[in-house]
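Given chain A, put chain B in place with the hints provided.
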Amino acid sequence: MTLAVQFTNVSRQFGEVKAVDRVSIDIQDGEFFSMLGPSGSGKTTCLRLIAGFEQPSAGSIRIHGEEAAGLPPYQRDVNTVFQDYALFPHMNVRDNVAYGLKVKGVGKDERLKRAEEALDMVALGGYGERKPVQLSGGQRQRVALARALVNRPRVLLLDEPLGALDLKLREQMQGELKKLQRQLGITFIFVTHDQTEALSMSDRVAVFNKGRIEQVDSPRNLYMKPATTFVAEFVGTSNVIRGDLAKQLSGNPQPFSIRPEHVRFAEGPLAAHEIEVSGLLHDIQYQGSATRYELKLENGQTLNISQANNQWLDVSAQHQTGQRISARWAREAMVPLSDTVAGGV
Amino acid sequence: MNTLALSQNPSGGSPLRRFSNLLYRRPNLYLSLLLVPPLLWFGAIYLGSLLTLLWQGFYTFDDFTMAVTPELTLANFAALFQPSNFDIILRTLSMAIVVSIASYIVKAYAWTLLLAKGGVAQWFVQHLGLEPVLQFVLGIPGVGGSTLSTSHLGRFMVFVYIWLPFMILPIQASLERLPPSLLQASADLGAKPRQTFMQVILPLSIPGIAAGSIFTFSLTLGDFIVPQLVGPPGYFVGSMVYAQQGAIGNMPMAAAFTLVPIVLIAIYLSIVKRLGAFDAL
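Residue numbers (my numbering), protein chains in the order written: chain A, 1 to 345; chain B, 1001 to 1281.
Bound-form chain A, shown alone:
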């Protein structure tokens, strides 16, 4: 199986700032791969390195086996969906979509036919005559997608394409993007700072922090087995227990993570594989599908507990803030974390 994109020790420096620092990634052909991280973590720079808008300061980038460093964007078999969509304001929707075919010298009849097909694919058939300013944000986003896909690239790059859409539309587009990717079978490389988006869509996710990769893994492993404290805290909500308390509870000074939904209120005798802590109930937040409790432990640390509201009985009514409460979790649910950035994976 060939690799769609391969980074080997790639760095990109802007003056003194290392935007990307010795990153190595292997992205499989046909994979939905996400780059997740806070802003300034280097994920967008990595995408721009693949597209050719940036050149690496060091290292090698291969796209389908061919060295891409030094190639301008127009010589690469990849297409990009931009964060601001970057639709050409002076062209109508059809000409926008047909642009890539036009500059490559595809005949007029064929390119208009393929542009219509691409517009149908994103459910915008019949919108060809409109100008981008006459479209809503979601429609522009689809045009940008059609404009990239009409070129039949082997790798599609998406730079936070859903960031400007409202929540409902974003969730709908997530599903459509995933469906489209399966249907077309091409590699999608998706940059986002939204961890739920990355988890719900991707085959694998790379978590970026300060220009380096913390972990590359499947969404499930990323959530259930975070490798570092950064991943545990960035992906979902986590209780990261450090220092003396960690040693006291696990017998090991290494920090560990316990997810709020893996903690439950103490009831009955303590089982051998369980760990119990107690503290004052500090806050109760009703969140719809779950209720979140904040427990202040004796050493001052806050422990988040999340209980699913899956019973008709209102469990939260049994608890009040200020109450002293014991909570337990299973030893297996604790994930030991390393504090250092993992570096290239």
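I should point out that these hints are in silico values taken from the structure, not numbers from a laboratory.
Careful: at least some of the hints might be erroneous.
As the list claims (entries may be wrong) - With the C-beta cut set under 7 Å, the calculated list includes, among others, these residues of chain B facing chain A:
#1 ASP1188
#2 LYS1192
#3 LEU1204
#4 GLY1246
#5 ASN1250
#6 PRO1252
As the list claims (entries may be wrong) - Calculated pairs, DSS-like style, for lysine-lysine (alpha carbon to alpha carbon, straight line, at most 25 Å):
#7 B:LYS1192 with A:LYS102
#8 B:LYS1192 with A:LYS108
#9 A:LYS179 with A:LYS168
Claimed, not checked - Every beta carbon over 10 Å from chain A, so not counted as near; a handful from chain B, in silico:
#10 LEU1054
#11 MET1066
#12 GLN1082
#13 MET1095
#14 TRP1123
#15 GLN1126
#16 LEU1182
#17 ALA1185
#18 LEU1189
#19 GLY1190
#20 GLN1199
#21 PRO1203
#22 SER1270
Built from N, CA and C at the ideal position, the CB exists for glycine as well.
For chain B alone, coordinates are given in the frame of chain A:
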């Protein structure tokens, strides 16, 4: 509860809080408080000192004691018109006028010298061995003339030189507004730099080109100096108006000619508007 009560009652809290609430409720008071200090500064430092200086002009200067006495007199201002003082004024004034005009005329005149027979332009052409080319170009009717400085081509070059900044500035402004992501998108979709220029940059800078062309078009249409200095004989509209009302004294004909550029510019604006050049403004 306590904090709620505080925010509902703007007159409560510390004096500073009360003051800030007062400003929030009275935007005009806020504005005048902001504006008064700089206006006072401007008034006191600039106008005040100027008026003080001017007021001193009415004081008396005693030539023997070399002392200033606050006796009001107009003698100082009358003295301005004594020949020795008036010369100073005239000298300064004429230099200011000449420099203002010359910066335009010298540019045009300089070109008459540059383009003249035996001028720098011809010297260059000679040394590059391109004289036959020049002779050929000057031989084309409607373009050429006996020398560069008396040809239509020469006049064209001087006009371009003088009005070029008025074209460059609006185009630069429209290029600066072009989002870089559009150029990246074009390259990403496979366009070579030349294609990106033709398909994206050029069409999107048309409003700038249109704005610049309105300047160059109307400025050239109204110019009456360059046509007199460079190029073949024959009036331009501007120089015709100048000649009719000045030398000949035929004011009605001059007025009639004045209408021509007005109408032409109106037609030009309507064409530019119809082409959609203002749509993106």
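Is the interface hint for B:ASP1188 satisfied, with its Cβ closer than 7 Å to some Cβ of chain A?
holds (5 Å)
Is B:LEU1182 truly not at the interface, in the sense that its beta carbon sits beyond 10 Å from all beta carbons of chain A?
Its Cβ does come within 10 Å of chain A, the nearest being 5 Å, so this is violated.
Cβ separation check - B:GLN1199 to all of chain A, threshold 10 Å
About 7 Å separates B:GLN1199 from the closest Cβ of chain A, which leaves it inside 10 Å; violated.
Measuring Cβ to Cβ, find out whether B:GLY1190 lies farther than 10 Å from everything in chain A.
violated (5 Å)
Consistency of the no-contact label for B:GLN1126, given chain A and a CB cut of 10 Å:
It holds; B:GLN1126 is separated from chain A by about 44 Å at its closest Cβ, greater than 10 Å.
Is the nearest Cβ of chain A still more than 10 Å from the Cβ of B:MET1066?
holds (65 Å)
Over 10 Å from every CB of chain A: does B:LEU1189 meet that, or does the non-interface label fail?
violated (4 Å)
Are the Cα positions of B:LYS1192 and A:LYS102 separated by 25 Å at most?
Measuring from Cα to Cα gives roughly 12 Å; hence the hint holds.
Quick check on B:GLY1246 please, does its C-beta sit within 7 Å of some C-beta on chain A?
violated (48 Å)
Do the numbers back the hint for B:PRO1252, that is, is its least Cβ distance to chain A under 7 Å?
violated (48 Å)
B:TRP1123: least C-beta distance to chain A exceeds 10 Å?
holds (43 Å)
Confirm or reject: B:LEU1054 is not an interface residue toward chain A, with every Cβ-Cβ distance exceeding 10 Å.
Holds: least Cβ distance 55 Å, greater than 10 Å.
Hints 4, 5, 6, 16, 17, 18, 19, 20, 21 from the earlier list are contradicted by this structure; the remaining hints agree with it.
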